[in-house]
Each structure stands twice: as structure tokens, then as C-alpha cells.
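Undergrad: Going down the list, the sequences are from chains A and B. Taking the numbering used here, I'd label the letters of the first sequence as residues 63 to 338. Taking the numbering used here, I'd label the letters of the second sequence as residues 11 to 279.
Any given hint might turn out to be false.
[Claimed, not checked] Here's a subset of chain A near chain B, in silico, CB distances under 10 Å, partners left out:
no.	residue
1	L94
2	K97
3	N120
4	L124
5	D139
6	A141
7	Q144
8	I152
9	G173
10	D204
11	D326
12	M335
Simulated from the structure, these hints should not be mistaken for lab results. Beta carbons are placed, not taken as given, at the ideal position from N, Cα and C, and that holds for glycine.
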Amino acid sequence: MFKLENVSYAYDTEDASGQGGSRRQALCGVSLQIKKGEWWAILGANGSGKSTLARHLNGLLLPTAGRVEVCGREVRDYARVQDLRRLVGIVFQNPDNQIVGNSVEEDVAFGLENLGTARPVMRRRIGEVLQMVGLSGRETVDPAALSGGQKQRLAIAGALAMQPQALILDEATSMLDPVGQAEVLDLLQKLHEDGLTVVMITHNMSEVLLADKVAVMSEGRLMMTGTPAEIFAKSDELQKWHIELPLITQLGNKLGVAGCTDLDGLLQKLEEMAED
Amino acid sequence: MGGKRGGIRLGAYYPVQSPVHGLDPRAKLLGMLAFLTGIFWVDEFWVFGLVYAFGFGVLWLAKIPPTKALAAVRGLIFLLAVTCAINMLVTPGEQVLWEWEFLTLTMEGIERSLLMLLRLVALISFSGLLTFTTTPIELADGMESLLLPFKRWGLPAHEFAMMMTIALRFVPILLAEADKLMKAQRSRGGDLASGSVMKRMKTLVAMVVPLLFNALKRADDLAIAMEARAYTGGEGRVSLRELRWAGRDTLALIVVLGFVAFMVVSRWL
Chain A
63 MFKLENVSYA
73 YDTEDASGQG
83 GSRRQALCGV
93 SLQIKKGEWW
103 AILGANGSGK
113 STLARHLNGL
123 LLPTAGRVEV
133 CGREVRDYAR
143 VQDLRRLVGI
153 VFQNPDNQIV
163 GNSVEEDVAF
173 GLENLGTARP
183 VMRRRIGEVL
193 QMVGLSGRET
203 VDPAALSGGQ
213 KQRLAIAGAL
223 AMQPQALILD
233 EATSMLDPVG
243 QAEVLDLLQK
253 LHEDGLTVVM
263 ITHNMSEVLL
273 ADKVAVMSEG
283 RLMMTGTPAE
293 IFAKSDELQK
303 WHIELPLITQ
313 LGNKLGVAGC
323 TDLDGLLQKL
333 EEMAED
Chain B
11 MGGKRGGIRL
21 GAYYPVQSPV
31 HGLDPRAKLL
41 GMLAFLTGIF
51 WVDEFWVFGL
61 VYAFGFGVLW
71 LAKIPPTKAL
81 AAVRGLIFLL
91 AVTCAINMLV
101 TPGEQVLWEW
111 EFLTLTMEGI
121 ERSLLMLLRL
131 VALISFSGLL
141 TFTTTPIELA
151 DGMESLLLPF
161 KRWGLPAHEF
171 AMMMTIALRF
181 VPILLAEADK
191 LMKAQRSRGG
201 DLASGSVMKR
211 MKTLVAMVVP
221 LLFNALKRAD
231 DLAIAMEARA
241 YTGGEGRVSL
251 RELRWAGRDT
261 LALIVVLGFV
271 AFMVVSRWL
């Protein structure tokens with residue numbers, strides 16, 4: 063689905079007087095391959111380059127060096143930027159800053175309108191995705207009247223309406239309460255089961271445990287990749303990059319079981335240790 | 011959009027089924043523009059009587075309680091009273107009723123200021139007819155459609171309508187943010203409603219700066235989110251909603267334009 067080869071990116075920064083200043087390196091030689099249907103979590107401290115990486119996946123940013131392939135094609139080779147945006151949906155942190163429409167259906171329609179979709183198809187697609195995200199019957203509601211979780215589900219619906227093959231979530235649950243977070247994660251699990259590729263940027267360790275693969279970033283570099291269990295087994299390195307371990311892993315470490323990601327696994331390993 | 015947030019009244023769509031609500035937004039926009047322009051031509055009390063009768067008649071057709079239309083006037087009573095008083099005391103005339111220093115109360119002054127009051131109250135009360143009966147998005151669509159012919163002279167009709175839609179969408183968010191900042195200021199002893207003028211000004215600045223900063227940050231985030239959803243401007247876009255001009259729209263516009271023509275001609279009657 064995604065293939066990044068030696069990708070680097072630098073932001074232009076301004077000095078205090080507003081004049082052109084230096085360039086800040088946000089990504090340094092990142093190489094990563096994400097297969098279709100996989101669920102990846104991208105971990106890293108603030109400023110580690112996670113969001114910059116996410117924005118490369120649907121061409122919002124183009125690498126200053128290296129190449130990014132989406133569905134086997136270099137992002138610069140897409141003749142119409144809309145074709146790339148249709149393949150990869152992206153949902154951001156604050157739902158209030160990404161909802162465009164003055165009603166639920168109008169917001170879902172936004173991407174489809176941009177793609178020039180015919181009205182009957184648009185209407186059908188809106189009905190389908192609102193059903194999918196559990197917002198059916200709320201078509202005419204003002205998004206301001208929705209709860210945080212509902213707003214974020216609406217943002218996901220807006221991306222899903224374009225029928226993407228992958229969905230990127232840039233800390234999409236960080237502003238939600240536990241109920242809202244659970245709503246969004248339940249929805250993502252369903253979508254993933256239906257074959258959607260999910261790339262989730264998060265600081266929440268319980269969300270990382272849902273992923274098939276984890277990529278850890280620090281100072282613009284990809285430090286390691288692996289399954290959650292493989293990653294959390296390297297607690298010393300993670301702490302060096304200011305990444306906190308999940309509570310269950312911390313408990314396991316205290317009890318002498320490294321890389322534990324679920325309670326059942328921890329109990330099983332403790333039993334095995336007791337038998338030994 | 012119609013609703014209260016943080017005690018500040020927002021643009022108030024009144025959701026009922028009525029013949030006025032069902033009209034094409036373009037007809038309502040053109041009709042309202044003509045009607046409000048016509049009000050400036052009225053210069054006789056008896057014509058104002060007819061203007062109010064016409065306005066309240068449309069409100070009745072739109073099933074909007076008159077109190078709702080007059081609610082906007084309530085918030086401006088002080089401003090109206092001051093404007094009216096100044097106008098009354100500085101308008102020269104032949105029939106002087108009272109005089110002091112440079113202030114003069116004349117019959118002409120009273121007449122002029124009452125006419126001005128009637129004009130302002132009519133403008134404030136009846137301009138709401140458009141927003142009471144038209145959703146913000148219908149308004150933006152109507153405006154885009156009406157501005158489309160000017161595109162050939164470089165007017166960005168779609169961008170203008172999109173800007174309006176987004177501005178309307180952000181009104182409740184920014185009001186909620188202003189409310190939050192006001193509470194934060196109050197919790198630290200800064201209150202906009204009390205203290206000296208200087209103290210209030212300082213509190214206001216401390217509130218406006220973060221509000222502006224947050225608004226710019228939101229605008230930046232929204233621009234990226236729109237780009238992520240394939241927005242590249244108006245070219246090739248298909249709107250979900252389709253405006254349809256019907257016979258009733260033509261009829262409604264003819265009635266309004268006819269009345270406006272009467273308002274203009276009444277000046278010479």
C-alpha cells in the first residue's frame with residue numbers, strides 16, 4: 063500500500079523578524095513498507111516527525127529527498143491530486159478544525175463534491191457511510207451539536223465517503239473522552255476487519271496494542287518496527303526515546319516478564335514461570 | 011446555527027414549514043435586497059405604516075412570531091435612543107419648541123428622528139426575515155449562484171460562497187472559545203463587565219490576542235483538512251444541493267419588487 067524509500071523532509075522556518083530562516087529537518091531517511099490491510103501504529107515523542115510522515119502518505123507533503131509510493135505509484139506521478147487523496151483518507155486531531163459543512167450530510171459530501179461525484183451517487187454514499195459510523199438519521203444536524211466522539215466519527219465518515227483504501231489517523235482520539243475514544247476505536251476495528259489499511263499516530267499505548275505493527279520514531283528517524291510485543295520488549299530503548307510503556311507491559315516488567323501486551327499473556331507466562 | 015451559545019445570540023434560522031421557507035434562496039436574497047433598499051426611499055409616516063404591514067404580513071406567512079423579529083431591536087434600544095435623540099436635537103427647523111446653547115428641538119427634528127427610528131427598526135426587524143427562513147448553506151448557495159455571472163470579470167464566486175459557509179460554521183466555535191477565554195480571565199480577576207475603562211481594555215486585549223491566535227491556527231488546520239479531502243477550488247466541483255427556480259419564486263419576487271416600486275414612487279406622491 064505504502065512504500066517509503068529513504069524519505070527526508072525539511073520545513074522552512076522563519077526567524078523572529080519574519081524573514082526566511084533556516085530549514086528544520088523533520089524526517090531523515092525514513093524507509094518503511096506498509097502492506098494492504100495492515101494496521102500500523104506510529105509512536106514517538108512530540109516533534110519526532112510522526113505527523114510529517116503521515117502527511118507524506120497522501121501527498122499533503124512531498125519529500126525533499128527519497129520517494130513515496132502509494133498503491134505502487136510514486137506520489138508525484140499522480141496526474142490529479144484528487145486521485146491520490148481519494149485513495150488515502152486522513153483524519154486529524156481536532157474534529158472541530160476539520161469539519162467543513164454546516165450539517166452532517168453536507169460535511170460527508172464535501173470530499174465527494176470535490177471529486178465531482180454525481181448527485182445520486184453522492185446521496186447513496188452519504189447514506190452508506192453514515193450508517194457505517196452510526197450517524198444515520200442525523201443528516202441535517204449541525205455538527206456543533208454532536209459530541210466529541212460523534213464529531214470524530216463524522217470526520218471519519220467524510221474520509222470514508224471517498225472510498226479510500228487506507229485511513230490515516232493523526233492523533234484522532236487524543237481530544238476525546240474515554241467514551242468517544244471507545245466509539246472511534248470500535249469503528250476502526252470494524253473497518254479494519256473489512257480490509258481497510260489503518261495507520262494510526264498515537265500517544266495512547268492501549269491503542270498501540272490494537273495494531274498489527276508498530277513503528278517508533280525519534281528526531282525524524284525511524285528507530286524500529288515490529289509487532290507490539292516485539293517493540294514493548296525493548297523497554298530500555300523506548301524510555302530513551304521518551305515513550306511510556308503500556309501499564310500491562312510495565313506490570314510484566316516488574317514481575318520479570320518482558321514485552322507483555324495483554325493480561326492473559328502475562329498470566330500465562332507467570333504460570334509457566336511458576337511451573338519452571 | 012440557530013441557538014444560544016455562551017449567552018450570545020447566533021444567526022437564527024427558524025425551522026418551520028412555510029411558503030416563505032420553501033422559496034428559492036436567490037428569490038429571497040434579491041427580494042430582501044430590494045426591500046431593504048426600498049426602505050431608504052420611504053419618507054412618509056403612512057408609507058411606513060404600509061411597510062410594517064407588509065413586513066409583518068410576510069412574517070405571518072413565514073410562521074415567525076413578530077416578537078422574534080423585534081427581539082433584535084431590543085438589544086439595540088440604547089443605540090437607537092441615542093441616535094434618535096441626537097438627530098432630534100441637532101436638526102434645524104422653523105417651528106422651534108425648545109432651545110439651549112447649540113441644542114434645538116424643532117417639529118421638523120421630531121418628525122425626522124421619528125422617521126429615522128421607523129426606518130432603523132424596519133431594517134433591523136425585517137432583515138432577519140432572510141436568516142429566519144433560509145439556512146446558512148442555502149444562503150451561501152444562493153449567493154454563489156447569483157455571483158456566478160460575475161466570474162467572467164474575475165469575481166471568485168465559489169470561493170466567496172465557501173468563505174461564507176466556513177465563516178458561518180466557525181461562528182459557534184469561536185463564540186464558545188471567546189466564552190471560555192472570558193471565564194478564564196474572570197477566574198484570574200479580569201472581568202470585562204467591571205473595573206475602570208483601562209482595566210477593561212487590558213482584559214479585552216488579553217482575550218482578543220489568544221482568540222485571534224487560535225482562530226488563525228484553526229484556519230490553518232482547516233485548510234490542511236480541506237486539502238486532504240481533495241479540495242482544489244471550485245473547478246470541477248459538483249454541489250450536493252441543486253437550486254431550482256419555480257413559478258412561485260418568480261411570483262414572490264414580482265410581488266416584492268412591485269411593493270418596492272411603490273415605496274420608491276411614494277416619495278413623489
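Undergrad: Double-check A:N120 for me: the hint is only fine if its C-beta lies closer than 10 Å to a C-beta in chain B.
TA: holds, 6 Å
Undergrad: Checking hints one by one. Is A:D204 an interface residue toward chain B, by the C-beta closer than 10 Å rule?
TA: holds, 6 Å
Undergrad: Would the hint on A:D326 stand, with a C-beta cut-off of 10 Å toward chain B?
TA: violated, 38 Å
Undergrad: Taking 10 Å as the limit, does the beta-carbon of A:Q144 come near enough to a beta-carbon in chain B?
TA: Because about 4 Å separates A:Q144 from the closest Cβ in chain B, which is inside the 10 Å limit, the hint holds.
Undergrad: Return the status of the interface hint for A:A141: holds when the least beta-carbon distance to chain B is below 10 Å, violated otherwise.
TA: The hint is violated - A:A141 has no Cβ within 10 Å of chain B, the shortest such distance being about 13 Å.
Undergrad: Is the interface hint satisfied for A:L94? The criterion is a beta-carbon contact with chain B at less than 10 Å.
TA: With a minimum Cβ separation of about 20 Å from chain B (threshold 10 Å), the hint on A:L94 is violated.
Undergrad: Against chain B, with CB atoms and a cut of 10 Å, does the hint on A:I152 hold up?
TA: holds, 5 Å
Undergrad: Given A:K97 was flagged as interface, is its beta-carbon under 10 Å from a beta-carbon of chain B?
TA: violated, 23 Å
Undergrad: Is the interface hint for A:G173 satisfied, with its Cβ closer than 10 Å to some Cβ of chain B?
TA: Hint holds; A:G173 Cβ to chain B Cβ min 4 Å, cut 10 Å.
Undergrad: Does A:D139 hold up as a contact with chain B if the rule is Cβ-Cβ below 10 Å?
TA: Result: violated, 17 Å to nearest chain B Cβ.
Undergrad: Can we keep the A:L124 interface hint, with Cβ of chain B closer than 10 Å?
TA: violated, 13 Å
Undergrad: With a cut-off of 10 Å, does the beta carbon of A:M335 approach a beta carbon of chain B closely enough for the hint to hold?
TA: violated, 48 Å
Comparing the model with each numbered hint stated earlier shows that hints 1, 2, 4, 5, 6, 11, 12 do not hold.
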